[in-house]
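> Work out the full structure, taking the sequences as your base and the hints as a guide.
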Amino acid sequence: MARQSLQLELAERPTGAIVPGRTFRQRRVPAPTEADLREGELLLECLYVSFDPAMRGWLDDRRSYVPPVRIGEVMRAATIARVLASRSARARPGDIVTALMGIREVGIVSEDKVEPAPPGFARAGAGARVTDLLGVFGLTGMTAYFGMLRIGEPKPGETVVVSAAAGATGSVAAQIAKIAGARVVGIAGSDEKCRWLTEELGLDVALNYKDPDFKAKFKKATPNFIDVFFDNVGGEQLDMALGRANAFARFVMCGGISQYNAENKSGPKNFNSVISQRIKMQGFIVFDFAKEYPAAREQIGRWLAEGKLKRRETIIKGGVAASEEAFKQLFEGGNIGKLLVEVKNPDEVARL
Numbered sequence: 001m002a003r004q005s006l007q008l009e010l011a012e013r014p015t016g017a018i019v020p021g022r023t024f025r026q027r028r029v030p031a032p033t034e035a036d037l038r039e040g041e042l043l044l045e046c047l048y049v050s051f052d053p054a055m056r057g058w059l060d061d062r063r064s065y066v067p068p069v070r071i072g073e074v075m076r077a078a079t080i081a082r083v084l085a086s087r088s089a090r091a092r093p094g095d096i097v098t099a100l101m102g103i104r105e106v107g108i109v110s111e112d113k114v115e116p117a118p119p120g121f122a123r124a125g126a127g128a129r130v131t132d133l134l135g136v137f138g139l140t141g142m143t144a145y146f147g148m149l150r151i152g153e154p155k156p157g158e159t160v161v162v163s164a165a166a167g168a169t170g171s172v173a174a175q176i177a178k179i180a181g182a183r184v185v186g187i188a189g190s191d192e193k194c195r196w197l198t199e200e201l202g203l204d205v206a207l208n209y210k211d212p213d214f215k216a217k218f219k220k221a222t223p224n225f226i227d228v229f230f231d232n233v234g235g236e237q238l239d240m241a242l243g244r245a246n247a248f249a250r251f252v253m254c255g256g257i258s259q260y261n262a263e264n265k266s267g268p269k270n271f272n273s274v275i276s277q278r279i280k281m282q283g284f285i286v287f288d289f290a291k292e293y294p295a296a297r298e299q300i301g302r303w304l305a306e307g308k309l310k311r312r313e314t315i316i317k318g319g320v321a322a323s324e325e326a327f328k329q330l331f332e333g334g335n336i337g338k339l340l341v342e343v344k345n346p347d348e349v350a351r352l
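Here the UniProt record's numbering is used: position 258 in the sequence shown is 258, and no number is missing along the way.
Treat the hints with care, since some could be wrong.
[To be verified] Lysine-lysine pairs mimicking BS3-like chemistry, simulated, CA-CA at most 27 Å apart:
hint	residue 1	residue 2
1	Lys220	Lys280
2	Lys217	Lys280
3	Lys210	Lys220
4	Lys308	Lys178
5	Lys215	Lys155
6	Lys219	Lys265
7	Lys155	Lys344
8	Lys269	Lys210
9	Lys265	Lys328
10	Lys291	Lys265
11	Lys178	Lys219
12	Lys308	Lys155
13	Lys113	Lys178
14	Lys344	Lys328
15	Lys291	Lys308
16	Lys155	Lys217
17	Lys310	Lys291
18	Lys280	Lys265
19	Lys210	Lys310
20	Lys344	Lys317
21	Lys210	Lys265
22	Lys178	Lys310
23	Lys217	Lys269
24	Lys291	Lys280
25	Lys291	Lys155
26	Lys219	Lys291
Keep in mind the hints are simulated off the structure, nothing from the lab.
Here it is in structure tokens:
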């Protein structure tokens, strides 16, 4: 009997939150084989899928940095995959790669969407994990690295505030600011996350935004105001940061997870602070820095080997079928660090 492949397809565009069982449909299709490969293509089996807030934006039919996912199309996602067969010089059968493969068990991917493990990964030492290819060595790490260092430009002694600091990108960005010598305040959504930020990652202060006294504690935590704000959330937290900004503060506009599912999106009320405090607010897309990824990965590998950079993952078992639960956790703050779904254990034997 021919092998089947389970995949997650977009069924309808959400107007607010992703609705399990309605936004997506799960479908089994005949798995492609080596005979289906054309020159420049690879046959891959998925091991891990990365779940990131940006994926929500890919579902909206509007102008953006990438085209929206089409109705009926496999949901776009970054993955760690194993090469089953190849007609490309980029990777050989058995290699572990990252690929923009989408949420499916087996698929054919063109070589321009496949990337071998970078040299910095090997040099990170025995502590490196295969899942780091989607985390600190993947787009997550690159986003934190270039957003914080190129746009935020933290200096020793400055105050840096990071929202969603216990998430995949925020936790790396906050540690990079600490490495740069800044005083770092992290904002997260639970006491457990706050303890992780201070006790494990070494942040100076961590605040739970669900605390009834959050606003007062935020003001107390920024007595010298804010020099760099790394924004992953938007909404009220962005507004509060604008109200506490120093003159010539740099606001790194990385994401706005509080607004992605909102049907009535809200803008900042303290926008005049941008003028009065001469704030630089800059958005960015990590692909803008693609040519510089190798150097960034080398540096991240050194920090990992030296113990200066730590990371944590939330891995959901259950394969492609668990994807909708992963989306739910992502937007409800159920994860600490990088959120992944394990589709297949890398130690299991590859099967064509």
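> Are the hints correct? Go through all of them and say.
Going through the hints against the structure:
Simply put, Lys220 and Lys280 have alpha-carbon atoms about 24 Å apart, close enough for the 27 Å limit, and the pair holds. The suggested pairing of Lys217 with Lys280 holds, with an alpha-carbon distance near 25 Å, which does not exceed 27 Å. As the CA atoms of Lys210 and Lys220 are separated by approximately 16 Å, the hinted pair is consistent with the 27 Å bound. The suggested pairing of Lys308 with Lys178 holds, with an alpha-carbon distance near 9 Å, which does not exceed 27 Å.
The suggested pairing of Lys215 with Lys155 holds, with an alpha-carbon distance near 26 Å, which does not exceed 27 Å. Of the pairs offered as hints, the one joining Lys219 and Lys265 holds, with about 25 Å between alpha carbons and a cut-off of 27 Å not exceeded. In summary, the hint linking Lys155 to Lys344 is not supported, as the alpha carbons are separated by about 43 Å, beyond the 27 Å threshold. Under the criterion of a C-alpha separation no larger than 27 Å, the hint pairing Lys269 with Lys210 is consistent with the structure, at around 20 Å.
For the hint pairing Lys265 with Lys328, the CA-to-CA distance comes to about 20 Å; that is within 27 Å, so the pair holds. For the given pair, Lys291 sits about 34 Å from Lys265 by alpha-carbon distance, which is inconsistent with the 27 Å threshold. As the CA atoms of Lys178 and Lys219 are separated by approximately 20 Å, the hinted pair is consistent with the 27 Å bound. For the hint linking Lys308 to Lys155, the alpha-carbon distance of about 17 Å falls within 27 Å, and the restraint holds.
Between the alpha carbons of Lys113 and Lys178 the distance comes to roughly 33 Å, so the proposed pair goes past 27 Å and is violated. A distance of roughly 21 Å separates the Cα atoms of Lys344 and Lys328; the hinted pair therefore holds under the 27 Å criterion. Straight-line distance between C-alpha atoms of Lys291 and Lys308 comes to about 25 Å, which keeps the hinted pair within the 27 Å bound. A distance of roughly 24 Å separates the Cα atoms of Lys155 and Lys217; the hinted pair therefore holds under the 27 Å criterion.
For a cut-off of 27 Å, the pair hint linking Lys310 to Lys291 stands: about 25 Å separates their Cα positions. Using a Cα cut-off of 27 Å, the hinted pair Lys280 and Lys265 holds, with the two alpha carbons roughly 22 Å apart. Among the hinted pairs, Lys210 with Lys310 is consistent with the structure: their alpha-carbon atoms are about 25 Å apart, no more than 27 Å. Taking the CA atoms of Lys344 and Lys317, the gap is about 9 Å. The hint holds against a cut of 27 Å.
Our distance criterion of 27 Å between C-alpha atoms is met by Lys210 and Lys265, whose separation comes to about 20 Å. About 12 Å separates the Cα atoms of Lys178 and Lys310, which keeps this hinted pair within 27 Å; it holds. As the CA atoms of Lys217 and Lys269 are separated by approximately 20 Å, the hinted pair is consistent with the 27 Å bound. For a cut-off of 27 Å, the pair hint linking Lys291 to Lys280 stands: about 25 Å separates their Cα positions.
Taken as a hint, the Lys291 and Lys155 pair is honoured in the structure, with Cα atoms around 25 Å apart against an allowance of 27 Å. Pair hint Lys219 plus Lys291 does not hold up; C-alpha atoms about 39 Å apart against a cutoff of 27 Å.
In the structure shown, a violation is registered for the earlier hints numbered 7, 10, 13 and 26, in ascending order.
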